[in-house]
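2 protein chains.
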Amino acid sequence: MDARENKQKEKGLLIVYTGHGKGKTTAALGMTIRALGYGWQVCIIQFIKGSWKYGEMDGIKKLAPNVELNIMGEGFVGIIDDNKSFEEHRAAARKAYDLALEKMQSGKYNLVILDELNVAVSLGLITRDELQELVGKKPEQLHLVITGRDATEWLIGQADLVTEMKEIKHPYQKGILAQKGVDY
Amino acid sequence: MDARENKQKEKGLLIVYTGHGKGKTTAALGMTIRALGYGWQVCIIQFIKGSWKYGEMDGIKKLAPNVELNIMGEGFVGIIDDNKSFEEHRAAARKAYDLALEKMQSGKYNLVILDELNVAVSLGLITRDELQELVGKKPEQLHLVITGRDATEWLIGQADLVTEMKEIKHPYQKGILAQKGVDY
Chain Y
0 MDARENKQKE KGLLIVYTGH GKGKTTAALG MTIRALGYGW QVCIIQFIKG
50 SWKYGEMDGI KKLAPNVELN IMGEGFVGII DDNKSFEEHR AAARKAYDLA
100 LEKMQSGKYN LVILDELNVA VSLGLITRDE LQELVGKKPE QLHLVITGRD
150 ATEWLIGQAD LVTEMKEIKH PYQKGILAQK GVDY
Chain C
0 MDARENKQKE KGLLIVYTGH GKGKTTAALG MTIRALGYGW QVCIIQFIKG
50 SWKYGEMDGI KKLAPNVELN IMGEGFVGII DDNKSFEEHR AAARKAYDLA
100 LEKMQSGKYN LVILDELNVA VSLGLITRDE LQELVGKKPE QLHLVITGRD
150 ATEWLIGQAD LVTEMKEIKH PYQKGILAQK GVDY
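So the protein lines, in turn, are chains Y and C. Each residue of the first sequence is one higher than the one before, starting from 0 at the first, in numbering that gives the first Met the number 0. Each residue of the second sequence is one higher than the one before, starting from 0 at the first, in numbering that gives the first Met the number 0.
Calculated directly from the structure, the hints in this document are not laboratory data. The reader is advised that the hints may include incorrect statements.
Note that the list lumps identical chains together, so a pair holds whenever it fits in one copy or between two copies.
Unchecked claim - Straight-line Cα separation of at most 27 Å, BS3-like style, residue types lysine-lysine; simulated pairs:
id: 1; residue 1: K168; residue 2: K137
id: 2; residue 1: K60; residue 2: K107
id: 3; residue 1: K10; residue 2: K168
id: 4; residue 1: K48; residue 2: K60
For reference, chain Y alone in the conformation it holds in the complex (with noise of 0.2 Å):
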């Protein structure tokens, strides 16, 4: 093999889970037991608080030293309690942004995943020229996971693998109450 054919082999990726349907964040977690069974070194940044269940959150946590998770953001925006200002809500996802900026390029990880990412882009909150400016930056080597509904098209340009996680069936539908395990 040759080394451009090595290098080419070598490039991490970029991935987009994307749709309205379940799924996103749980196919990015999956993500992180396979990169477990290389004994990467993974990050997780949260940029909407609150959008992870407690099983996840105590989940992710049995997995350290190797997945590393970072709850950013402010909690879901503009539902009912919601009792922060568009302003307090834009500076905790520049926060985030921040903070992953960091982390892609600290060259300790082998996996960043952002989720949530297109949630806070489509809100507003990170704006379109700030997501074009973050996965510019994603170093070569890095596999970037990016999660949420309603990812851009110039995202979508840009990634190397995109899935649109659709939903044909939701509990909700047939009646059923938020189930342990599995919505939080």
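With chain Y's structure known, arrange chain C on it following the hints.
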């Protein structure tokens, strides 16, 4: 909360990840992390041997003893280096089926994942009647996840939660070779 409500809350879901995009098995793996957070016992049965990559297998082994992986089946069916007869594949799938039923009914697990069962059904290795029988025997409290492209209409009808992983973009479209940690 009255007993009826409580009982409803404890219902184990039937979850289907289907479609042609990447992320089906990966999402099922992600659910094991959530399950880990609750100290649940998880059993995974792989219906198609060779469908998992080394990273996934090595990673999941690190989650023992909470997560148990059973590799069944006789490898991919009908591809160039497949020198097994249909009867041999069918017998292997039947063994996987028997093990799945045993594990589902053992009462030992909170979550059972039947990986690529949909593919075994679409290949005719497991009949549609057998699928119905198996799903029909799911204990009420057990969460059952079935993955694989081409889920049957019947299964989608039965399921509580169905996500179709739709391929929007695949690395091969960009001429990128399979990547460690992502594809194997």
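Hint by hint, here is what the structure shows:
Proximity of K168 to K137 under the C-alpha cut-off of 27 Å is restricted to the inter-copy arrangement: shortest distance 19 Å between copies versus 35 Å within a copy. In this assembly of identical chains, the alpha carbons of K60 and K107 lie at most 27 Å apart whether taken from the same copy (18 Å) or from different copies (24 Å). Proximity of K10 to K168 under the C-alpha cut-off of 27 Å is restricted to the inter-copy arrangement: shortest distance 17 Å between copies versus 36 Å within a copy. Only within a single protomer do K48 and K60 lie at most 27 Å apart by alpha-carbon distance; the minimum there is 16 Å, versus 30 Å between protomers.
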